[in-house]
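Novice: In case you want the letters, here they are:
Protein chains: 2
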Amino acid sequence: MEIAFEEAKKAQERDEVPIGAVLVLDGMVIARAGNRTRELADPTAHAEMLVISQAARELGRERLDGADLYVTLEPCTMCAAAISFARLRRLYFAASDDKGGAVTSGVRFFHSPTCHHVPEVYSGLRETEARSLLRDFFQQKRG
Amino acid sequence: MEIAFEEAKKAQERDEVPIGAVLVLDGMVIARAGNRTRELADPTAHAEMLVISQAARELGRERLDGADLYVTLEPCTMCAAAISFARLRRLYFAASDDKGGAVTSGVRFFHSPTCHHVPEVYSGLRETEARSLLRDFFQQKRG
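So the protein lines, in turn, are chains A and B. Under UniProt numbering, the first residue of the first sequence carries the number 1, and numbering increases by one thereafter. Under UniProt numbering, the first residue of the second sequence carries the number 1, and numbering increases by one thereafter.
Just so you know, these hints were derived from the structure itself, not from any lab. Some hints could be false.
Derived list of chain B stretches under chain A, where covered just means 3 residues or more per stretch with a C-beta under 8 angstroms from a C-beta of chain A [as the list claims (entries may be wrong)]: (1) 37-46; (2) 50-56; (3) 67-78; (4) 108-115.
Backbone N, C-alpha and C fix where the C-beta goes; we use that ideal spot for every residue, glycine too.
All chains should be modelled from the sequences, with the hints used to inform the complete structure.
Specialist: Below, the structure written as structure tokens:
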């Protein structure tokens, strides 16, 4: 999760919403990224999408069985579905997201009959820190 | 929708699940793509994601207000959320998808309180043709 936070902070330095993700397979980091929606002018360029896409393309396979994702915020509906499609083993997230999340909030995708692979989910790691990072960013934006 | 079907057939020729999409803005085609999940070894490379990402990057903006998406199959959960994030105006889809769809099936994302932009939705255009294309593809795979 430390690396996910590093990526979130790097995203903030690029004036992106500070969210970071890292993908780990067999104890090795296989992809890491922060949010890049502004930089790439791409609404799909969330940290989770970037690491899944990057790792899958590099490994040459659509399914990342056995891989674990660490992300600083609860994944949204788009990213939750991508996590399922990529067959990730475990999802660890820091802060929950009532407004846009889709794991323990919103559509709770992993509980839907249209979700055909469910990862193990662990939440609440360094939650306060993740929440502060986002709150400070948006306060600064408004300020 | 004719172009979306052309892209679906081109996807089939590449041995991809035959789904195609096209994005139209002010009467102009701004992006067109078929499914490329196998070719790119990327579980996120659905036709809808590819056209949204491509159009947004080329136009240099995350939000594609006023753009309309035509796709041969009901968008999945990932793509429905991306459609909302991209602020598309209208979504036209051919066949519905009970197993994986997220518009009129599954999580029905546009009806969720965590969906913050809802496109107009039109479905059932050339539904039989889209359904045949997919059925024939999977029958051939099994055969």
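Novice: All hints, please: hold or fail.
Specialist: Hint check:
Counting residues of the segment 37-46 of chain B whose CB falls under 8 angstroms from any CB of chain A gives 8; the rule of at least 3 is met. For the segment 50-56 of chain B, the stated coverage by chain A is satisfied: 3 residues place a CB nearer than 8 angstroms to a CB of that chain, which reaches the threshold of 3. Coverage of the segment 67-78 of chain B by chain A holds. Counting CB-CB distances below 8 angstroms, 3 residues qualify, and the rule asks for three or more. With 5 residues carrying a beta carbon less than 8 angstroms from a beta carbon of chain A, the segment 108-115 of chain B meets the three-residue requirement, and the given coverage holds.
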